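J.: Protein chains in written order, with the numbering used here: chain F, 1 to 111; chain H, 1 to 115.
Keep in mind the hints are simulated off the structure, nothing from the lab.
Warning: the hint list may mix true and false statements.
As the list claims (entries may be wrong) - Which residues of chain F face chain H? A few of them, derived with a C-beta cut under 7 Å, are:
1. F9
2. A41
3. L45
4. S92
5. G102
Remember, it's a predicted structure, so these values are computed and weren't measured experimentally.
We treat Cβ as the ideally placed atom computed from N, Cα and C, and that holds for glycine.
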Amino acid sequence: GEDVEQSLFLSVREGDSSVINCTYTDSSSTYLYWYKQEPGAGLQLLTYIFSNMDMKQDQRLTVLLNKKDKHLSLRIADTQTGDSAIYFCAESDSNDYKLSFGAGTTVTVRA
Amino acid sequence: NAGVTQTPKFRVLKTGQSMTLLCAQDMNHEYMYWYRQDPGMGLRLIHYSVGEGTTAKGEVPDGYNVSRLKKQNFLLGLESAAPSQTSVYFCASTEGGTLAKNIQYFGAGTRLSVL
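Next up, chain F with everything else stripped away, as it sits in the complex:
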């Protein structure tokens, strides 16, 4: 599969903003995704962005895409304790039926 890379850990204070970064290598990526995994659970889709967009906002979530640098970020405003989870970046292209996932960023929210 194509390479998708993320930093492994992020610690943030409650109420602050969190920014999770991701880089990918596949220039034919068409959609990029952010999934959230809470402890002991499966992955849930948080948001996604089409490759011809550079920003998408959904309530507290802002996704930024820099297609030239193949860089994707997820900003969570006013981070809450319920945001503590593992966040996965993933990409798909129009050539096959598979997603490529990053290793996941564990976000810990401290009081």
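Got chain F sorted already, so can you dock chain H onto it with the hints?
T.: Below, chain H alone, put in the same frame as chain F:
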């Protein structure tokens, strides 16, 4: 609305034993996937299926077999379990129809330990 259901949720096996993990989805999705999740490695695709009666190998297929006899079910088999197969296994499904927008829905996972 159950979505994607995996059974069992937990299992402990001895080396050499066999077992089957069941995934069932009630969304009439065409495509189904089996992943394993290991610390620091994210999700790795084991096998997948693009429709009833079809299967294909993913990134890490060795030691596993799959079957998709019914559209709603995708079975993952371990014929002779090894300690290296200790992992959390996730099933996922997606609607299909367009290759580009591949939003996958995940089950809650099966935690497997092989001693």
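J.: May I ask which of the numbered hints given earlier this structure violates, with the numbers listed in increasing order?
T.: Violated hint: only 1; rest satisfied.
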